[in-house]
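Student: Now for the letters of each chain:
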Amino acid sequence: MKFLRRSQEKKKRIKSRIPFRLNFLFFIVFLLFAALILQLAHLQIAEKNKFDAEINSTDTKTETKNVQRGMIYDSTGKVLVANNASRAITYTKPLSVTTTKMYQIANRLVNVADFNTASLTASNKADYYLAVPAHLKQVERAVKKQSGKLSNSELYRQEVAYVKKHKLTQGYTSKQKQAALVYSKMNGAYALSTVYLKYSGVSDQEMARVGENLTELPGVKIGTSWSRSYPNGKSVKSVIGTVTSHKQGLPSDQINSLLAEGYSRDDSVGSSYIESRYENVLKGTKSIITLETQNNKITKEVKTYGGKRGDNLVLTINANFQQQVQKIIKAAVKNNAGSNPYLVGGYAVVMNPNTGGIYALAGVSRNLETGKISENALGAINQSFVMGSVVKGATVMGGLLYGAITPDNNTMTDMPIKLKGTATKASWFNKTGAEDMSLTAEDALMVSSNSYMMQLAMREGGFQYRENAGLNLPTSIFSKLRGYFKQFGLGVKTGIDIPGEASGFEGPANQKNIGKALDLSFGNYDSYTTLQLAQYISTIANGGYRLQPHILQAIRSSNSNGTLGRTVYEFEPNVLNVVEATSAQWNVVKTGFWDVVHGTSSMRTGTVLTDVKPAVAAKTGTAETFHGSTETETDSVVTYAPYKNPKVVIAVAFPGMASGNSTHISTETPKSIYSAFWGTVENNK
Amino acid sequence: MEGRRTRSEESQDARIDYGIIFSVLVLAVIGMLAIYVAASHDTSTTSVSHALLMQFAWYVIGTIAIVVIIQFDAEQLWKLAPIAYGIGITLLLLLLIFYSRSYFARTGAKSWFAIGSLTFQPSEVMKPAYIMMLARVISQHNNEYPEHHVNSDWLLIGKLALWSLPVAVLLKLQNDFGTMLVFIAILGGMILVSGVSWKIIAPVASAAVLLGSTAILLVIYGRSILMQIGFKTYQFDRIEAWLNPSASTSSTSYQLWQSMKAIGTGGLFGKGFNVSNVYVPVRESDMIFSVIGENFGFIGGCVLIFIYLLLIFQMVQVTFDTKNEFYAYLSTGVIMMILFHVFENIGMSIGLLPLTGIPLPFVSQGGSALIGNMIGIGLIMSMRYHNKSYMFSNTKDFH
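Top line first, the protein sequences correspond to chains H and Y. Residue numbering for the first sequence follows this note's numbering, beginning at 1 and increasing consecutively. Residue numbering for the second sequence follows this note's numbering, beginning at 1001 and increasing consecutively.
To be clear, the hints were calculated from the coordinates, so they are not data collected in a lab. Hints are not guaranteed to be accurate.
Pairs of lysine to aspartate or glutamate residues, derived as EDC-like cross-links and limited to a Cα-Cα distance of at most 16 Å, are as follows [unchecked claim]:
#, chain 1, residue 1, chain 2, residue 2
1, H, Lys480, H, Glu506
2, H, Lys101, Y, Asp1042
3, H, Lys308, H, Glu279
4, H, Lys516, H, Glu682
5, H, Lys486, H, Glu506
6, Y, Lys1271, H, Glu279
Please work from the sequences and hints to get the whole structure.
Tutor: Right, here's the structure in full:
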């Protein structure tokens, strides 16, 4: 019994542990709850003010909406570029929306409207697939197993790759594909920015169904999208350029800077030429809605700025005249292509020598293989050719400014230039030396003497020409000659307000090529654009003012009825530099150019233009070029009229004409252009 | 005391613990009010009336569960324990195959069955089953080894661990870490009350505290070491959010910070019923305390915590009254279950503990958790209900 008693005693002692332990447990409960109450007191009593301040602080965020792009008019007020409005489905991304929510909205939206999935990419589909958390988790696990630790962005990239590789989106239905497209657009938008989910072709039925379900589709709205239209023909696009469509979105090379400026990813933005150059004017200002938020909830919505449609551009171009010039150039190339198989195109620039305003900018290029002629007005500013003798006015002026000749003492003998170790270089009319003659500077321009120009260059280089002597010129002669040329705009950018201008090519300027300095003097070495020729002739026509060519005349706002409103900006003539020459010196060059057309010599080169009214001055050019091993030439002309009080200058160039052709293409073309100009532009003024 | 009465003579009144019913009822009312507030401010979920009706329906089902469980006396519960445990494990096993795909997609845990719009989380009812089983194991062991030695205590812990292992493995497979913590708390509490020597409890508890603090320090200062062992960034994010809730309010700690703002601005008296100007995600379930804190303030929060304390006190009271060892362990388990839920849920809402997906008992929206807790209440009430043989015993000891 002793054992039993002991055991019972023991048991008693042991079992009595339960009450104590239970009390102990309750004590723990009490402690833990006390901890909760302490922390609660801390939050709700001690820190209440801090939290009050926290939730009462408001944040301001802004939401923007697109406005209509500015229109483009010609100098006569004719609409060149307008806008078409289309009904669109837009999405304004709310604050702190989850991917799951967007996934749901995308799925709902495709049930009430159809979307074109042509632009859907495999990555879009993968994003959509990964928007489902379970998918994401699975793929994440698989990727992590393969590649271990990764940064977040790299991890996601690999996840997308994984989805593509394992074709997890294969078998997506048409609706799923549409939802993937919609989802990708929603996902790509920034919070509170508006993107187009469908920018055109929204049917009445779709609009009604989307409208009915708007509460189920937070952020989705019916809106308007704008696209460019060309009421007077699309040919102006070759000068005006294009805008990106909503579908293309922002150009990828500028996407980051544009996003920083407040563009949405699918905004239209000018992508070339005028549309691009004057993007800031045309785009207008998006309407701004200021949202006051408290705790990420929108508490107040104020339209702080109603938005302003883009301002309109009025161009210096006369659309009617532009079309005629384009037609003339096209016809010239077309009609001469047969006998001139290497004719690669034709370009013309018509400009106001008093303002720099471009009246017309025309051009075509010809595909030598197919013979197809396509519009390429911009070729006049972005393609350069060796232009030939048109530049001689600058050479003569250089000689005058340098002092190699003077207005009173400038007679030289035209003779073939024979130097040791090089082929003979001569004027076109005096290849052998049988026609050696005395020429004044004016005469040299009239008959287009190469010999005279070469002798001028040698004088400027300090070299006394003797037959069969070795040519001894410093290489600085190149920069000397080019320096004078550049004062007229030859070989430098003209500064035209269209992006993509070329400045031409300069040949090497070293001792090895020192003989080329002579070629440079008569325009047979460096290459220039047609626009540079226009600036050059304009500088001569107005007596020394190198003007910036421009295509923008004015910027004007819109009236509420959509017509042109007040002038916001008017282009003022911009003198880039002045050629400082005396009127006597100018007279030498001008008289020379007059004589080209009206001179007494039968060897003058501008006879075609003699009977043009009002009377014109001009200089022709024929550059020796090659197509492969075939000799070709560039035929060019610079001309202005009226001679006394110039109102218009024309420069034309036809590269790749047959060598020695007798077409007069370069003089016949300006003749037609003059006729169109006096018929269209001046009459209308 | 008027003398002995037979059991049949006793009035129902004395056998039913109205104190507990009262506490649960008050909690239910608070819960319904809070859900009403949450649902009327969050348009994302279903309608207010639907949410309230559903919750009411679950209370009815829970009450039925209590009524049924009350019928079982200690001996029947003893016999029922392995069966309940077996059913629970089977459900968890089935879950591995038949888990709700859509819930998994949303939460990443495979913890739900779904039939139509009805969802059910088996781990919630596994909790009372687990408590019953452990209570039985402890009673059995203490019967076999009336004397507590370190060795026999280790044997008991071994047994308990063995019974816990399947639950742990299954919960791990479900990816439900929060629920696992509840089971650990239950196990810990029952080990404490089972009478295991302080020689074991003290060092283990200290070691756990030490380990926990080291882990937190490592998260702050030695993250790369943990990464090498295989911890994930999102697990750090939660700790980070807890330590510094206002740091990255846009992403990881958004929910916590919103909750703290809601509660903090509630102040001493609250903003009044049905006033909410801070949005807290999922406040109808896990974040329900933010509604109470915002609407009823510090006073309201204290009242709620007091009711829980009262409820637990009543449970302890029943345990002392019944003086049945098996019952003692049962009620310990239930107390631990409720304690842990309350402490973790409120604690995480006010930034005292890291976030886990654990609801507030009897208050949060959600049927499964409610049923699990109601079964717990049923177990406690059945003790009082069947407390005949020990009612007038003068011994202070547990049989």
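Student: Does each hint hold? Answer for all of them.
Tutor: So, going through the hints one by one against the coordinates:
1. For a cut-off of 16 Å, the pair hint linking lysine 480 of chain H to glutamate 506 of chain H stands: about 13 Å separates their Cα positions.
2. For the suggested pair lysine 101 of chain H and aspartate 1042 of chain Y, the alpha carbons sit about 15 Å apart, so the restraint of at most 16 Å is met.
3. Between the alpha carbons of lysine 308 of chain H and glutamate 279 of chain H the distance comes to roughly 14 Å, so the proposed pair stays at or under 16 Å and holds.
4. Between lysine 516 of chain H and glutamate 682 of chain H the alpha-carbon distance is near 43 Å, which puts this suggested pair outside the 16 Å criterion.
5. Distance hint between lysine 486 of chain H and glutamate 506 of chain H is fulfilled; the C-alpha atoms sit about 12 Å from each other, no more than 16 Å.
6. For the proposed pair lysine 1271 of chain Y and glutamate 279 of chain H, the alpha carbon gap of about 53 Å is over 16 Å, so the pair is violated.
Going through the hint list in order, the structure does not satisfy hints 4 and 6.
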